[in-house]
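A.B. asks: The sequence shown begins at 37 in our numbering and counts up by one.
I should point out that these hints are in silico values taken from the structure, not numbers from a laboratory. Quantities reported herein were computed from a predicted structural model and do not represent experimental measurements. Even for Gly, the Cβ is constructed at its ideal location relative to N, Cα and C. Please note that a few of the clues may not be correct.
[Stated by the list, open to error] Derived DEER-like restraints, expressed as beta-carbon distance ranges: (1) S201 / F451: 43 to 49 Å; (2) A392 / Q427: 52 to 58 Å; (3) R172 / R523: 18 to 24 Å; (4) Y423 / Q229: 37 to 43 Å; (5) H458 / E339: 53 to 59 Å; (6) S169 / I256: 31 to 37 Å; (7) T425 / G114: 41 to 47 Å; (8) E524 / D146: 51 to 57 Å; (9) V452 / Y516: 21 to 27 Å; (10) D526 / R207: 49 to 55 Å.
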Amino acid sequence: MSLAKKEGWRVTDGRGAALARWRSRSCLEIQLAAHAMFSRGLSVFVLFSINLLNYIDRWTVAGVLSDMQLPEKHGGFGIGDAEGGLLTSVFILTYLICSPIFGYLGDRMDRNKLIFVGVTAWSSAVFLGSFASSFRTFLVCRALVGIGEASYANVAPTLIADMYSIDERTRVLSLYFCAVPLGSALGFILGGQTSLYLNWRWAFRITPGFSFALACVLGIWLKEPARGSADGRLNHFSDYEALDVDDADALDHDQDIETRGATEDGTDIVAGPLQSADGAASTPRITSKQFSQQQPSRQSWSEDVREIWGVRSFMWSTLGLTSVTFVMGALAQWGPTFLHRVVCTESGQVGHALSACKSNVNLIFGLISCVTGISGTFLGSYLSRRYSTEQNAADAVLCCVGMLIAAPFIFLGVFVASQSLHAAWAMIFVAELAVGVIWVPVTAMLLYVIHPLQRASASGMQTMFSHLFGDATSPVLVGYIADMLRRELDVPLARALQLALYPSACFAFAGALCFLVAAQFLADDRRAQNSALPIKVHAVSSASASPTVHVRTVTMGASGGASLSTLVLSRTQSPVPPRRVQTAALCPLLPAEDAHPLESSIEAAPSELRRR
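All chains should be modelled from the sequences, with the hints used to inform the complete structure.
C.D. replies: Laid out in structure tokens, this is it:
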């Protein structure tokens, strides 16, 4: 048996039959492309919606914190600032502990199913927490929420990376990360409005049902994309069967080889790297044995850790992101409470007037967070697409500039709040807009300097580190400092919290320095990762030991003035060009100036074939 008949491989004779198959196949390819586009769009919508609910649940606590601090007889827990900060810190602590675990699993398991389990756990914990009768019980529920959210936050960006190419990825990520400011703003607003009209506990009973429904859609009906497929790599071969390695020599080279299957994104089977590790070109070939062996990452976790943290731009951008999360964690947790004390409590308002004042502050704070977050996200995405190339470090520089702008405005916003509320809102607006620019570029950096099979692990490690020393630390640290100042120096509540928030500006400046250092290594790390990009092929026969490789290039237009070259590879035992097209590959190999406008053919021995 010269050819495996399983899973759609077939052999035919004659050019007419090949042409007929090509025409019939083109219609199928259009249908597959349309289905893939719809599937990707639905997946992104579901991921965006889950991320939106994620941040609503996360920051609803900040919107109702003042009500939780009321005495128990008034429906609160009677907690202080340090305990209020602990609510966010314990959530972040469990979130970061579980992040590398779910990152490791995300590189080795079905990611959609993993998200389904995590979102179900998080939604259940949020709902049960609304019935907590004591602060400790509520604290345990918040810790469980962190475990559930860790499964989602580290895996979702890798799904998007495997559905879209690098050019499209930044735009889609900007849409995905719009859920961060929008969800945070809705969390503040939901908490404030629910406390005003119902009870603060109802703020935690609205979102869990929606989260669970979306998790069902993702985990049950949507399929996971192949890891690395959008980068020109494919690591799942379980749906295909190829040539039997023992019978490959029996293949008639005057026959055509065609695949009937395709991957979920419409891409046909992928052969291994065109260029070997020692620099010599290796002829791509696919065998049934190789199909069964190609799986997600088989490295140990310690090997992944060593390789990931060896990427210097990743290390320094993670340190910069840690500063960002420290600043945002402190401001998101304590910003509304600080303004409540400055604007509402110190003005002598009581009863319903006090509740209405707090709700109004939450509304304005939420709207500013929403507008600046969405605007900053799209602005960061646009600037990244406009200026970032393989030859520069525009993404890291963009993050650096954003933090440099944010640092002084954070300080001024806290400083002038007690003197002019309108000036404080203006300062907060500029600071949050500058920070919002960072989210897309910093995620894009991770995705293009880390290998596709290690992205979920890298995301988990980055999440763990940035949250451990960022927003897991800052809320409780700010609350502890405020309590200490009030207790030791007898400082008023608002003044104590104001002094405790000032160090956030220093951390913003430190983050800018970290991104500046990352910029020194980013271009080299990106080129090093791109140099390993393998070529996509439809099928390659493994015929003889030292055949001649015939390459035919067809130039196709691409965005940005670049060009794509379709390489048609075939293997024969003589230097005569092949009569049949046996393989096809699509990969950005040739620059525009080297591409030929007309179809041309060249011959090259395997050792002479190089990826340009």
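A.B. asks: Now tell me if each hint is right for this structure.
C.D. replies: So, going through the hints one by one against the coordinates:
Taking 43 to 49 Å as the suggested C-beta distance range, the pair S201 and F451 conforms, at roughly 46 Å. A392 and Q427 have their C-beta atoms about 56 Å apart, which keeps the hinted 52 to 58 Å range intact. A C-beta distance of roughly 23 Å is found between R172 and R523, which places it inside the suggested range of 18 to 24 Å. Under the hint 37 to 43 Å, the C-beta atoms of Y423 and Q229, about 41 Å apart, fit the expected range.
With their beta carbons about 55 Å apart, H458 and E339 fall inside the hinted range of 53 to 59 Å. Distance hint check: the CB atoms of S169 and I256 are about 35 Å apart, consistent with the given range 31 to 37 Å. Range check, T425 to G114: Cβ separation about 56 Å, and the 41 to 47 Å hint is violated. Separation of E524 from D146 is about 54 Å and conforms to the stated range, judged on CB atoms against 51 to 57 Å.
A C-beta distance of roughly 25 Å is found between V452 and Y516, which places it inside the suggested range of 21 to 27 Å. For D526 paired with R207, a C-beta distance near 54 Å keeps the hint of 49 to 55 Å intact.
In terms of the numbered hints stated before, the structure departs from hint 7 and from no other.
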